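Protein chains in written order, with this note's numbering: chain A, 1 to 305; chain B, 1 to 305; chain C, 1 to 305; chain D, 1 to 305.
Do not take every clue at face value.
Note that the list lumps identical chains together, so a pair holds whenever it fits in one copy or between two copies.
[Said to hold, decoys possible] Straight line, CA to CA, 30 Å or less: simulated BS3-like cross-link-like pairs of lysine-lysine:
(1) LYS297 - LYS121
(2) LYS283 - LYS54
(3) LYS105 - LYS293
(4) LYS81 - LYS283
(5) LYS121 - LYS293
(6) LYS283 - LYS99
(7) LYS105 - LYS283
(8) LYS216 - LYS121
(9) LYS54 - LYS188
(10) LYS121 - LYS188
(11) LYS283 - LYS293
(12) LYS81 - LYS293
(13) LYS81 - LYS54
(14) LYS190 - LYS54
(15) LYS297 - LYS99
(16) LYS81 - LYS121
(17) LYS220 - LYS121
Rather than coming from a laboratory, the hints here were simulated on the basis of the structure.
All of these numbers come straight from a predicted model, not from anything done at the bench.
Take a look at the letters that make up each chain.
4 protein chains.
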Amino acid sequence: MSSLTGKWFIEYTHPSQAHMYGIERYVYDGETPFQSIEIVDTDFFGRCLILNGKIQSAQYDEYIYHEALVHPALAVHPSPKEILVVGGGEGAALREILKHPSVEKLVMVDIDRDVVELCQKYLPAWNGGAFEDPRVEVHFMDARKYLEDNAALWDVIIIDLTEPLDYNSPSYLLFTREFYELVAQRVKTKGGIALQADNLNPRLLQYHSSLYNTLKLSFKYVDSYGAYIPSFDSKWGFIYASQDYSAQDCRPSFIDARLEERNIRGLQFYDGLTHLNLFALTKDIREMRAREKRIIKDNDPFFSY
Amino acid sequence: MSSLTGKWFIEYTHPSQAHMYGIERYVYDGETPFQSIEIVDTDFFGRCLILNGKIQSAQYDEYIYHEALVHPALAVHPSPKEILVVGGGEGAALREILKHPSVEKLVMVDIDRDVVELCQKYLPAWNGGAFEDPRVEVHFMDARKYLEDNAALWDVIIIDLTEPLDYNSPSYLLFTREFYELVAQRVKTKGGIALQADNLNPRLLQYHSSLYNTLKLSFKYVDSYGAYIPSFDSKWGFIYASQDYSAQDCRPSFIDARLEERNIRGLQFYDGLTHLNLFALTKDIREMRAREKRIIKDNDPFFSY
Amino acid sequence: MSSLTGKWFIEYTHPSQAHMYGIERYVYDGETPFQSIEIVDTDFFGRCLILNGKIQSAQYDEYIYHEALVHPALAVHPSPKEILVVGGGEGAALREILKHPSVEKLVMVDIDRDVVELCQKYLPAWNGGAFEDPRVEVHFMDARKYLEDNAALWDVIIIDLTEPLDYNSPSYLLFTREFYELVAQRVKTKGGIALQADNLNPRLLQYHSSLYNTLKLSFKYVDSYGAYIPSFDSKWGFIYASQDYSAQDCRPSFIDARLEERNIRGLQFYDGLTHLNLFALTKDIREMRAREKRIIKDNDPFFSY
Amino acid sequence: MSSLTGKWFIEYTHPSQAHMYGIERYVYDGETPFQSIEIVDTDFFGRCLILNGKIQSAQYDEYIYHEALVHPALAVHPSPKEILVVGGGEGAALREILKHPSVEKLVMVDIDRDVVELCQKYLPAWNGGAFEDPRVEVHFMDARKYLEDNAALWDVIIIDLTEPLDYNSPSYLLFTREFYELVAQRVKTKGGIALQADNLNPRLLQYHSSLYNTLKLSFKYVDSYGAYIPSFDSKWGFIYASQDYSAQDCRPSFIDARLEERNIRGLQFYDGLTHLNLFALTKDIREMRAREKRIIKDNDPFFSY
């Protein structure tokens with residue numbers, strides 16, 4: 001990739017802030033019924049998935065995002081058997097979940113069949129064969145409708161969705177008080193949920209803090225956590241929520257023991273010390289989050305930039 | 001700042017990766033005998049200092065950089081009295097150091113008088129009046145020469161330098177084995193040093209890891225730590241080194257007690273839990289750092305991109 | 001100027017088209033009561049003046065713009081004595097006008113005293129000493145008011161204004177049918193006017209064509225002409241208008257003879273053959289201009305992008 | 001195309017000058033054995049062909065480039081029957097040539113079969129059916145070798161090549177004194193050649209001027225001409241050369257008569273007045289070109305930026 005000429009993808013996080021990604025090749029460039037999708041090769045991050053103009057995951061650092069999204073919630077649970085993934089197009093959340101040997105049933109509900117199929121075709125390593133695993137079941141439909149129609153309960157629910165940009169975004173009713181109330185009803189005792197939860201840049205903390213506030217209405221324990229993800233150019237937020245456990249109180253030795261007893265050895269990012277890092281929020285973030293009072297509701301949704 | 005037109009500062013971290021900062025006004029744009037300097041106003045980060053094309057500190061998040069650089073080393077020390085700052089042009093490291101009431105003598109050695117004076121003029125809040133404090137003494141000279149010529153010992157040495165870009169960079173002999181050997185000789189028993197230590201992006205970890213290796217040759221305890229700094233677009237690395245203490249072993253309650261007994265209450269970023277976050281490196285970084293074997297030497301310096 | 005890092009000025013001509021100018025130094029960056037102003041040094045175009053986010057003139061090619069703006073109208077006139085410049089902040093139009101030895105009185109009316117003074121300070125070569133010439137008189141006021149209040153007639157009126165961007169732009173009533181009617185009343189027999197008249201890019205021709213249509217209502221002869229101006233990234237439009245002469249019918253030998261008899265020898269851009277080039281519009285532009293029917297009026301102004 | 005996010009193609013013409021093209025969709029992104037190729041959709045210029053990082057032609061203004069390249073040479077010739085195109089991948093030069101009814105044989109020699117076939121697939125309107133015309137014959141080979149091996153003579157030779165960027169560029173021996181000597185030997189009496197001949201930006205005139213000088217060694221009449229091409233962001237240079245005719249001496253009425261007698265009516269850009277515009281170079285360009293003395297030779301080639 002020459003720095004002097006060529007293809008660039010420019011992603012704005014604010015009218016006066018943007019990141020420029022040099023592109024080696026557009027592998028796929030199109031639209032689904034729900035969103036625009038680009039799959040690109042970069043020399044810095046390898047192959048990347050872009051949805052609606054935002055980098056979703058990159059070959060060289062998707063392990064950070066997906067390990068951070070999945071493992072805390074599963075490690076905290078004593079024996080996760082039935083897992084639901086809301087969204088999760090690339091299949092990489094499935095890949096990580098299946099590393100926990102207690103998993104017996106893993107259902108993924110994603111509205112966008114095209115994204116899932118394009119990821120299978122162009123990003124096959126992302127799912128690591130998960131779609132062929134007999135425990136996995138995929139439904140292409142609106143996840144809120146799925147949860148309304150199915151009374152099944154889950155040990156862990158992983159929510160891997162892109163923030164809505166406007167009322168046209170398919171996910172705008174999947175980030176609200178009403179949705180999280182429904183989710184809470186579908187979690188078993190001792191269960192928990194984890195979600196990606198927007199940027200932890202202190203200048204852009206409103207979305208994360210509002211999600212935190214909103215989840216506090218439906219769950220007893222709600223823990224923000226964050227991981228620096230280079231391809232996002234930022235420390236990214238996640239939230240764990242449960243009626244029974246606090247993830248942030250788990251000590252490194254507890255996490256390492258859980259991984260050891262489950263014989264999970266090949267993780268690149270997550271272990272006990274990483275868990276400590278993830279859940280130990282810095283003082284500025286804790287204080288800013290506490291000042292935000294917004295609750296996200298069906299009739300007062302929160303759109304991302 | 002309109003997104004559609006105008007002044008942008010583009011900082012590359014790699015030939016195919018760049019960050020675009022929208023600029024509201026160039027407050028100062030010039031050159032010193034040692035480097036180019038721009039002081040700019042942005043709406044997103046407030047006023048920013050740029051040296052040699054790289055953002056050094058920004059009004060809205062310099063508290064993260066300077067609190068992370070200064071407080072761990074001073075909190076670990078039981079009673080820091082005599083402190084040396086190598087570099088530190090803006091005076092913000094001085095400001096943070098002076099919050100520790102035991103400090104009796106604080107010497108700053110920076111080669112570039114113009115930068116220091118321009119920061120005093122255009123970024124007065126950065127130093128918080130430190131240059132008027134009777135305990136503070138400033139020398140405008142090469143810090144290596146200063147340390148060679150002055151046999152004085154220090155409780156803490158804070159090294160706040162920009163990485164060299166090439167042999168013309170004034171700092172290129174301040175990031176080497178020989179320099180750190182000299183520094184180690186100037187630290188008192190129970191003392192320690194802290195330095196900014198390049199990017200913790202896993203794709204750009206070679207500089208940090210090499211600094212870590214190089215410091216291990218002169219210090220018994222060397223701890224990497226990192227803080228996400230939005231205006232750097234990255235998690236940034238620091239290193240604490242000492243013959244007597246490990247900073248990463250300090251528990252949050254220990255740090256909080258130290259701050260409490262010193263009556264340091266107004267920090268925005270640093271406290272016990274933040275300390276935990278800073279020093280708990282994620283697994284990927286720990287493993288990548290371990291694979292790097294490079295030592296930086298006077299006759300084999302390491303230049304940044 | 002390194003291509004890899006640093007200061008860039010990005011000027012959009014359309015939401016999906018922009019030009020990036022590498023900046024060596026911001027010499028001045030501020031605001032006047034009427035507009036934002038930057039004076040910058042570039043290695044490619046030398047020093048440049050930017051008003052409201054648009055490059056106005058550049059050291060290395062301002063000769064093209066100012067010679068094209070001034071000389072056709074003055075060369076066509078048999079003996080231009082009294083000249084009015086509307087706008088013309090840099091003083092470069094004055095400089096070119098004063099090359100015609102018949103000029104006895106030269107009045108410039110510009111609303112923005114700050115721009116004129118900043119140009120005198122930072123772009124002194126632009127005016128070539130014109131502001132010290134005893135024939136020159138400068139008024140800082142609205143040019144429409146000046147023309148309403150002063151019944152004086154002029155041999156040539158040169159209109160050197162920036163297009164309005166919105167109702168806040170000081171020039172928005174200086175590009176309308178009503179204004180041109182007033183201008184026409186202030187031109188002597190045998191006189192003419194010339195104005196800069198927006199882009200001649202066929203994809204952006206609406207503004208130029210509308211100006212052409214609007215001027216046709218007040219003048220018998222109206223000739224579009226165009227010059228490629230590198231710092232504008234485009235072929236730029238001008239219009240000559242008169243009740244008595246057609247500039248486009250002047251042959252090269254006629255223009256060369258006029259310049260010769262006036263002893264004007266040092267022009268870099270304009271001569272008879274250049275005149276031929278300027279006024280010979282290509283077929284596509286002639287046909288597109290003919291399809292545009294818009295008239296610009298006080299109550300229906302035309303704003304530029 | 002949102003201005004705020006997404007796909008951009010950035011083309012540098014100099015280390016500190018670049019144009020940003022907003023891209024709606026990458027229709028094709030790949031490499032041939034000879035060059036990189038992208039076919040993109042833009043909202044401003046429609047579909048565009050990019051070779052080796054440089055825009056070659058755009059749907060909305062390729063008529064300017066191809067009419068300017070082809071028609072002057074064919075209009076000057078009293079009865080062009082046998083025509084050779086060197087390069088010409090898109091087939092648009094063929095399309096324009098075939099508008100002259102006297103053409104009996106039209107041979108195109110392009111080294112890059114992939115480019116020709118991709119253009120036929122993705123830019124079908126560019127060739128206007130030319131590849132199905134029985135008079136047209138296409139050879140995929142090096143054009144210099146073709147001319148060396150084939151002693152056939154031609155009424156007009158159109159050279160439509162991209163400038164070489166380095167010794168790897170397939171065209172680097174097709175812009176030299178030795179090549180033009182060979183070309184001159186293959187032109188019939190009364191014949192002529194035309195070529196695209198780099199930028200006419202006065203700051204970037206060296207390549208064009210050197211081509212002009214080099215052609216003067218093999219042809220009696222050599223005329224530079226230029227057309228503003230919006231998608232190139234510049235006035236672009238062409239050269240006509242012949243032993244028998246000067247194109248720049250042709251009057252508009254002569255050109256219009258030629259087009260009329262050949263019943264060529266649908267041109268968008270070219271006619272007599274356009275011819276006048278094309279060949280009337282401005283004074284600055286004439287004088288700068290005269291100062292350049294370089295000759296391009298096989299052993300001293302000229303590479304473009």
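Structure-based check of all given hints:
1. LYS297 - LYS121: Cα proximity of LYS297 and LYS121: none, with 36 Å in one copy and 48 Å across.
2. LYS283 - LYS54: Both. Shortest intra-copy (29 Å) and inter-copy (27 Å) distances satisfy the 30 Å Cα cut-off.
3. LYS105 - LYS293: neither (37 Å within a copy, 45 Å between copies)
4. LYS81 - LYS283: This pair counts as between: shortest inter-copy Cα distance 26 Å, intra-copy 36 Å.
5. LYS121 - LYS293: neither (43 Å within a copy, 39 Å between copies)
6. LYS283 - LYS99: For LYS283 and LYS99, the Cα distance is within 30 Å only across copies (17 Å; inside one copy 34 Å).
7. LYS105 - LYS283: between (39 Å within a copy, 29 Å between copies)
8. LYS216 - LYS121: This pair counts as neither: shortest intra-copy Cα distance 39 Å, inter-copy 47 Å.
9. LYS54 - LYS188: neither (34 Å within a copy, 51 Å between copies)
10. LYS121 - LYS188: Neither way: LYS121 and LYS188 sit 35 Å apart in one copy and 57 Å across, limit 30 Å.
11. LYS283 - LYS293: Classified as within: same-chain Cα gap 18 Å, cross-chain 35 Å, threshold 30 Å.
12. LYS81 - LYS293: neither (36 Å within a copy, 43 Å between copies)
13. LYS81 - LYS54: Answer is neither: 33 Å inside a copy and 50 Å across each miss the 30 Å cutoff.
14. LYS190 - LYS54: Close neither inside one copy (35 Å) nor across copies (49 Å); limit 30 Å.
15. LYS297 - LYS99: Classified as neither: same-chain Cα gap 35 Å, cross-chain 44 Å, threshold 30 Å.
16. LYS81 - LYS121: within (29 Å within a copy, 52 Å between copies)
17. LYS220 - LYS121: Result: close neither inside a copy nor across copies, 41 Å intra and 51 Å inter.
Violated hints for the displayed structure, listed by number in ascending order: 1, 3, 5, 8, 9, 10, 12, 13, 14, 15 and 17.
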